[in-house]
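2 protein chains.
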Amino acid sequence: MKATVTKKVLSEGLSLLERVVPSRSSNPLLTSLKIEASSQGLSLSGTNLEMDLSSFAPAEVQEPQSLVVPAHLLSQIVRTLGGELVELELVGDELAVRSGGSEFKIQTGDVTAFPELNFPDQIDATVDAADLARALGSVRYAASSEAFQAVFRGVKLEKRDQGARVVASDGYRVALHDFALEGEVRELIMPARSVDELVRMLRDGEAKLSYGEGQLSVTTERVKMNLKLLDGEFPDYERVIPSETKLQVKLASATLKESVGRVAVLADKNANNRVEFLVSEGQLQLNAEGDYGRAHDTLSVEQNGTEPAISLAFNAKYVQDALGPIEGEAEMLFAESTKPAIFRPAAGGGYMAVLVALRV
Amino acid sequence: MKATVTKKVLSEGLSLLERVVPSRSSNPLLTSLKIEASSQGLSLSGTNLEMDLSSFAPAEVQEPQSLVVPAHLLSQIVRTLGGELVELELVGDELAVRSGGSEFKIQTGDVTAFPELNFPDQIDATVDAADLARALGSVRYAASSEAFQAVFRGVKLEKRDQGARVVASDGYRVALHDFALEGEVRELIMPARSVDELVRMLRDGEAKLSYGEGQLSVTTERVKMNLKLLDGEFPDYERVIPSETKLQVKLASATLKESVGRVAVLADKNANNRVEFLVSEGQLQLNAEGDYGRAHDTLSVEQNGTEPAISLAFNAKYVQDALGPIEGEAEMLFAESTKPAIFRPAAGGGYMAVLVALRV
Numbered sequence: 071m072k073a074t075v076t077k078k079v080l081s082e083g084l085s086l087l088e089r090v091v092p093s094r095s096s097n098p099l100l101t102s103l104k105i106e107a108s109s110q111g112l113s114l115s116g117t118n119l120e121m122d123l124s125s126f127a128p129a130e131v132q133e134p135q136s137l138v139v140p141a142h143l144l145s146q147i148v149r150t151l152g153g154e155l156v157e158l159e160l161v162g163d164e165l166a167v168r169s170g171g172s173e174f175k176i177q178t179g180d181v182t183a184f185p186e187l188n189f190p191d192q193i194d195a196t197v198d199a200a201d202l203a204r205a206l207g208s209v210r211y212a213a214s215s216e217a218f219q220a221v222f223r224g225v226k227l228e229k230r231d232q233g234a235r236v237v238a239s240d241g242y243r244v245a246l247h248d249f250a251l252e253g254e255v256r257e258l259i260m261p262a263r264s265v266d267e268l269v270r271m272l273r274d275g276e277a278k279l280s281y282g283e284g285q286l287s288v289t290t291e292r293v294k295m296n297l298k299l300l301d302g303e304f305p306d307y308e309r310v311i312p313s314e315t316k317l318q319v320k321l322a323s324a325t326l327k328e329s330v331g332r333v334a335v336l337a338d339k340n341a342n343n344r345v346e347f348l349v350s351e352g353q354l355q356l357n358a359e360g361d362y363g364r365a366h367d368t369l370s371v372e373q374n375g376t377e378p379a380i381s382l383a384f385n386a387k388y389v390q391d392a393l394g395p396i397e398g399e400a401e402m403l404f405a406e407s408t409k410p411a412i413f414r415p416a417a418g419g420g421y422m423a424v425l426v427a428l429r430v
Numbered sequence: 071m072k073a074t075v076t077k078k079v080l081s082e083g084l085s086l087l088e089r090v091v092p093s094r095s096s097n098p099l100l101t102s103l104k105i106e107a108s109s110q111g112l113s114l115s116g117t118n119l120e121m122d123l124s125s126f127a128p129a130e131v132q133e134p135q136s137l138v139v140p141a142h143l144l145s146q147i148v149r150t151l152g153g154e155l156v157e158l159e160l161v162g163d164e165l166a167v168r169s170g171g172s173e174f175k176i177q178t179g180d181v182t183a184f185p186e187l188n189f190p191d192q193i194d195a196t197v198d199a200a201d202l203a204r205a206l207g208s209v210r211y212a213a214s215s216e217a218f219q220a221v222f223r224g225v226k227l228e229k230r231d232q233g234a235r236v237v238a239s240d241g242y243r244v245a246l247h248d249f250a251l252e253g254e255v256r257e258l259i260m261p262a263r264s265v266d267e268l269v270r271m272l273r274d275g276e277a278k279l280s281y282g283e284g285q286l287s288v289t290t291e292r293v294k295m296n297l298k299l300l301d302g303e304f305p306d307y308e309r310v311i312p313s314e315t316k317l318q319v320k321l322a323s324a325t326l327k328e329s330v331g332r333v334a335v336l337a338d339k340n341a342n343n344r345v346e347f348l349v350s351e352g353q354l355q356l357n358a359e360g361d362y363g364r365a366h367d368t369l370s371v372e373q374n375g376t377e378p379a380i381s382l383a384f385n386a387k388y389v390q391d392a393l394g395p396i397e398g399e400a401e402m403l404f405a406e407s408t409k410p411a412i413f414r415p416a417a418g419g420g421y422m423a424v425l426v427a428l429r430v
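Taken in sequence, the protein lines are chains V and X. Under the numbering used here, think of the first position of the first sequence as 71, with each following residue one higher. Under the numbering used here, think of the first position of the second sequence as 71, with each following residue one higher.
The reader is advised that the hints may include incorrect statements.
What the hints assert, rightly or not - The calculated DSBU-like cross-link candidates involving lysine-lysine, where the alpha carbons are at most 35 Å apart (straight line), are:
no., chain 1, residue 1, chain 2, residue 2
1, X, K72, X, K298
2, X, K316, V, K175
3, X, K339, V, K175
4, X, K339, V, K77
5, X, K175, V, K409
6, X, K320, V, K78
7, X, K78, V, K339
8, V, K320, X, K77
9, V, K229, V, K409
10, X, K327, V, K77
11, X, K175, V, K327
12, X, K78, V, K320
13, V, K78, X, K327
14, V, K327, X, K78
15, V, K409, V, K327
16, V, K320, V, K409
17, V, K320, X, K175
18, V, K175, X, K320
19, X, K175, V, K387
20, X, K387, V, K72
21, V, K175, X, K409
22, V, K387, X, K77
23, V, K77, X, K320
24, V, K339, X, K72
25, V, K387, X, K72
26, V, K78, X, K387
Derived by calculation from the structure, the hints in this document are not laboratory data.
Take these sequences, add in the hints, and give me the full structure.
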């Protein structure tokens, strides 16, 4: 194998692989990536067993051939190269990497022992890549990193009348985002950690979805990905969304986020970072109390609804997370002090968070 | 006590204190800072027992009084405040912090139990604060963070014909920097960790030094600091600086740093990150070899001296550290393959690093 490729193209591809391929493993092959040189260029692929990734780097190839090398090492080397062009050549069982006045010779691995990664050609649905990234990115926080039940560590995709919805929940809160999608939608649950990587890989352009046995494949102009899916029954989250609310409040999302951050400094970390919300007469009062003292903040809000006042408490961290994806005006919708509350952008846009209230 | 101060001034002062005062301690008083309100403003002071710090914040004060509050908590609160002015008031044993629509009430501590911090008025020497910061900042890396002997974890100040010198060594390398200073110079050793904080506190203007019993005090326009000094005999580092060199090399510091970083990717971490330097015929060749392969790089250099060639090896990390403070052209001076080598800016400026060569 002999190939010439620009440093920029090669290091971009490698940096994507580096995000997925683990840097340490009891099986060294799993820390490797496979380079498949064809007449069009180099296909770089690797896996962390939860997610397979393939990236294509256009290159001038003289002798098509496949090989396996340590992923992070190659990425690190290519990043430090001084020249603009990189020459790759398989010499015996070593990959020579040459650029400018530098030459590296890296031991290659057993290409036949590398796991077979198959990326399907079939397309079941298409979606704007940036829309999908925004939707996934704005609900991902609500998935748990610790929950015993696997589904709480995932993000669910489901069908809606107008396209699709992604939703995540850790049992104390729900975040969901509706978005447009062309084609078939299948119910499935993606692991949140794979979702993080998927969000990073998605840019502009179109993402093509393909549903396989226990796996979702996503193809963009730059990359192909297979995500292993989670098994299990996602909780009936719609049950906790209040269908009727009695008091609505509007204010700038950033103002509320800052205020919650401020009073949360004194909130009791051992009592769920409890912050009390009191809405009355066009004012939102926030109170927190902990070992070191008390905090109080007052904000002007646009208040609507049939109830004149409401008082309830939330985990400050959860309120800040819920407000995270909301730019501009935020709307809070309250039913009762003991019922979950809705946080969403006043201007719409498909995102909604539902927070369980802390006990009074 | 009642005081009004701008958020900017107060939070700048608190953020300095926050760097020194520990956030956790078995003695809660040590995580506190003392506020002394006088007619001119607020003096904020705290200690980590190795370093005392005092910062002054001009303020409008109505009832001068002293109090003690958790340092990190107050700093965090003031940082999140929405208003431009902050009102502080001691109400019973609570400090009320008010700004915009926010009010915080923080428990205060026992002011009589807080350690007495004394900052001397006497001035023994003056130095340009930026010069001192540059000198300390460029040698600090050579101090050890682990060495059993305390002096290897410090930076020494000593007298030179033209001013002063700071020097650090971990036994494998030496870094020194000469700078101008007016007044008396005493030999003393500052703990490297206090040096880090001192460098961060120094800005433009003048730094006034005062030598005390086992302590160095540094006063600038913004802050007063006492540094507890280290006891012990600093090694005779001048012994390892080669007095005569036979081969000199000049090249851009950044070029060499990049090249060393490049070949070091394959250097053996278990063999001191060994990188071999071979100078001959106006070329510097770098070689490294490890478990994963071999790296080779060639650089053009300006070569001088009586020897036609030299070959020796260094710890790649140490070479990069030594080059860190060198901007523009770097000069390397070699005596023999087994002797230490000198790294310094070709343009002078007071900095020099000496590296022990690894065995062949």
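Exercise for the section: Give me the numbers of the hints this structure contradicts, sorted from smallest to largest. Expected result: Every hint satisfied by this model.
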